[in-house]
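Which chain is which? The protein sequence lines are W and X, in order. Read in order, the letters of the first sequence correspond to residues 3 to 114 in the numbering used here. Read in order, the letters of the second sequence correspond to residues 2 to 473 in the numbering used here.
If you're looking for bench data, these hints aren't it; they were derived computationally from the structure. There may be inaccurate statements among the hints.
DEER-style ranges, computed between Cβ atoms [stated by the list, open to error]:
1) W:Lys105 with X:Gly202: 32 to 40 angstroms
2) X:Ala381 with W:Leu102: 52 to 60 angstroms
3) W:Ala96 with X:Glu327: 17 to 25 angstroms
4) X:Glu327 with W:Pro30: 47 to 55 angstroms
5) W:Leu102 with X:Gly175: 23 to 31 angstroms
6) X:Met96 with W:Ser10: 30 to 38 angstroms
7) X:Ile216 with W:Pro95: 49 to 57 angstroms
8) W:Leu102 with X:Gly160: 35 to 43 angstroms
Rough simulated footprint, nothing fancy, chain X against chain W, three-plus residues with beta-carbon under 8 angstroms [said to hold, decoys possible]:
9) 33–45
10) 76–87
Here a beta-carbon is modelled for each residue, glycine too, at the ideal position from N, C-alpha and C.
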Amino acid sequence: MKVIHFDSRDQNFVTVGDHERYFLLDRPGHAPLMCNDTCPHRGGPLHLGTSDERTGAVTCPWHETTYTRPALERRSPATVRVGTRITAVLDIPADMPVTLDRKQRILANECL
Amino acid sequence: MKPAISAVYRTTPLAGSKIGDISRNFINHPLFAQPTSFLCEDNPFRRPLRPQDLPTIDLTRPLPQSEFASNAALLGQRLLATIYETDLLFLPTRMDSRRREDMRAFYDDDFRQSGELLRPTLERQLFGFLEDEITVSGNWTLESFRAYAADAVAQANRGASEVVRTIRQARDPGAAATEFLVQLASDFLSEASAMARNVLGNYGPAQSGLFTILIDEYGYGVPKQKHSTIFEATLASRGLDNRPHAYWQFYLPSSLALVNYFHFVSKNHNHFGRYVGALLYTEATLAEANRQQSDMLRTIFGTDVDTLYFDEHVQIDPHHGKMALERVIVPLVARCGNGLLGDIVRGFEEFRLLQQLADQDLIDQIKFADRLFKAPDSGALCTTQPGLWDGPGVLRFDEPKGEISVPHLHDVDEIFELTEGEIEFTVGPAHAITLKAGEAVLIPARRLHGTKVLSERCRYRVAEAVGYGLVA
Numbered sequence: 003m004k005v006i007h008f009d010s011r012d013q014n015f016v017t018v019g020d021h022e023r024y025f026l027l028d029r030p031g032h033a034p035l036m037c038n039d040t041c042p043h044r045g046g047p048l049h050l051g052t053s054d055e056r057t058g059a060v061t062c063p064w065h066e067t068t069y070t071r072p073a074l075e076r077r078s079p080a081t082v083r084v085g086t087r088i089t090a091v092l093d094i095p096a097d098m099p100v101t102l103d104r105k106q107r108i109l110a111n112e113c114l
Numbered sequence: 002m003k004p005a006i007s008a009v010y011r012t013t014p015l016a017g018s019k020i021g022d023i024s025r026n027f028i029n030h031p032l033f034a035q036p037t038s039f040l041c042e043d044n045p046f047r048r049p050l051r052p053q054d055l056p057t058i059d060l061t062r063p064l065p066q067s068e069f070a071s072n073a074a075l076l077g078q079r080l081l082a083t084i085y086e087t088d089l090l091f092l093p094t095r096m097d098s099r100r101r102e103d104m105r106a107f108y109d110d111d112f113r114q115s116g117e118l119l120r121p122t123l124e125r126q127l128f129g130f131l132e133d134e135i136t137v138s139g140n141w142t143l144e145s146f147r148a149y150a151a152d153a154v155a156q157a158n159r160g161a162s163e164v165v166r167t168i169r170q171a172r173d174p175g176a177a178a179t180e181f182l183v184q185l186a187s188d189f190l191s192e193a194s195a196m197a198r199n200v201l202g203n204y205g206p207a208q209s210g211l212f213t214i215l216i217d218e219y220g221y222g223v224p225k226q227k228h229s230t231i232f233e234a235t236l237a238s239r240g241l242d243n244r245p246h247a248y249w250q251f252y253l254p255s256s257l258a259l260v261n262y263f264h265f266v267s268k269n270h271n272h273f274g275r276y277v278g279a280l281l282y283t284e285a286t287l288a289e290a291n292r293q294q295s296d297m298l299r300t301i302f303g304t305d306v307d308t309l310y311f312d313e314h315v316q317i318d319p320h321h322g323k324m325a326l327e328r329v330i331v332p333l334v335a336r337c338g339n340g341l342l343g344d345i346v347r348g349f350e351e352f353r354l355l356q357q358l359a360d361q362d363l364i365d366q367i368k369f370a371d372r373l374f375k376a377p378d379s380g381a382l383c384t385t386q387p388g389l390w391d392g393p394g395v396l397r398f399d400e401p402k403g404e405i406s407v408p409h410l411h412d413v414d415e416i417f418e419l420t421e422g423e424i425e426f427t428v429g430p431a432h433a434i435t436l437k438a439g440e441a442v443l444i445p446a447r448r449l450h451g452t453k454v455l456s457e458r459c460r461y462r463v464a465e466a467v468g469y470g471l472v473a
């Protein structure tokens, strides 16, 4: 298990190794979630998808598969936000390096 | 703040107008009335506050984090502490007719009923901001929780305490350390009372785990080993009054918040997950804090202080941290499922945040108290700023000998000038100065202070000092 910390004003994207990615899904009315970016269907980038502000569901941009908020929560690492400080627990060895970035746009966080 | 309840089970909350009626009736109770001394000597039932502040405060408005240490928060925390503590038994060391009458009033069913009606409103007012500040999401498992808690505790136990550093660096470290002990008295003299709320009922092995921690807190039934008794000895070693709530009027809103939070998440058992999360945080981090505090007290006071309270926690709290995790949280999660971990994380983070806010409030108060000796210099500022005393915002007071202004705080910087007589201006039991006519003091926003008239008659005036660039 690896615990990471970052400020949501500075970073919103985490990469582990070559394929594992997480983005900060942050919509009004829903707790910010370190959402697994990889669509379980064919690997599409969920951060480029759309989200339903009311239900919190996210739709993949590739094949328009929709994931409910509980389904997203089950695939996402344990996360807690205090103010703008985010702490997440990734299910990887503690010494595995991760990269924290800031994506200019997380489309899934934008209003439809 | 409230756990989700399906519509069919929901109870209609009391209307705001009802809350207004109940709070006015409650706050005007004689137990909250004007005192004759800053000390509530051997009378834990007398809880002076400032009923006159109520009309300016909307108890139904949740205070944002930025108002955590405001005057509205102080009034609310004083009321809430009183309401919670009517569930606890306090007995004065000496009972007389007045104390007996006060005791009857404190535990009177009608008084308690009014308090119970107000309690949820006050809890929302004072702790509602935690809901906005903290969110928990994702897939929590016991394994991820263990990693998260270990990381958070290691962070908390790293480095020197800012409170300890502030006290050590004070102009008068002894006086600063005394104020620190006084704030701790709000909690430690009835230590673990909130915990005791959680050991009744029937909820499996975790109940026994919590009970073993409670037994330690209560000294295995041996009065001298009880943690509150050990802290009484600490206070006595410094010549401080060690009877419960002798220093009630000097408690900061943040000190009361720490005590009240544990009652808040223990009084209503819908919050039991939050309670055990907060318990884990405090038990797992207190040993290091107490080690630094014990060292500080011995450095400042030498052998003239009893530090057993702090040394005992250095020894026992690492055990309590492990017990809270392995013997309380693990069996609770086994019984309730991983869904409970969200509440446990919330409680852990809520108490961590409250502790950080309380530390800052105490640091600010100690710094204010420590430079109080410069206060009469502020009188010169009044002559260089003649415009201070113009305008409708200036308040003028004319008070008789012995009149007390119960310690309170303002939400903006103020200047206080004595124009006639003598007054004691105090910001804590170890920090008071006498002001004479023509002398003034700058009171920074949200710094606790009170006054007592020393002369036959006393006149003073108070003005907002915002915009004058005055530094207290």
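Open item on the list: Taking 8 angstroms as the Cβ threshold, is the statement that the segment 76–87 of chain W is covered by chain X upheld or broken by the three-residue rule?
Closed with: holds (count 10)
Open item on the list: Quick check: does the Cβ-Cβ distance between X:Ile216 and W:Pro95 fall within 49 to 57 angstroms?
Closed with: At 40 angstroms between Cβs, range violated.
TODO: Could you see if the CB distance from W:Lys105 to X:Gly202 stays within 32 to 40 angstroms?
DONE: 49 angstroms, violated
Open item on the list: Quick check: does the Cβ-Cβ distance between X:Glu327 and W:Pro30 fall within 47 to 55 angstroms?
Closed with: Once the Cβ atoms are compared, 39 angstroms apart, the range 47 to 55 angstroms for W:Pro30 and X:Glu327 is violated.
- [ ] With 52 to 60 angstroms as the target window, see if X:Ala381 and W:Leu102 comply at their CB atoms.
- [x] Taking Cβ atoms as reference, X:Ala381 and W:Leu102 lie about 53 angstroms apart, which means the hint holds.
Task: CB-CB spacing for X:Gly160 and W:Leu102 relative to the 35 to 43 angstroms hint - done: 23 angstroms, violated
TODO: Using the beta carbons of W:Ala96 and X:Glu327, state whether their distance is inside 17 to 25 angstroms or not.
DONE: 21 angstroms, holds
Task: Assertion that chain X covers the segment 33–45 of chain W - criterion: three or more residues, beta-carbon distance below 8 angstroms - done: holds (count 4)
Open item on the list: For the hint 23 to 31 angstroms, verify it against the beta carbon of W:Leu102 and that of X:Gly175.
Closed with: 46 angstroms, violated
TODO: Mind checking the hinted window 30 to 38 angstroms against the Cβ distance between X:Met96 and W:Ser10?
DONE: Violated, since X:Met96 and W:Ser10 (Cβ atoms, about 57 angstroms apart) do not stay within the stated range.
Against the hints set out earlier in the document, violations occur for numbers 1, 4, 5, 6, 7, 8.
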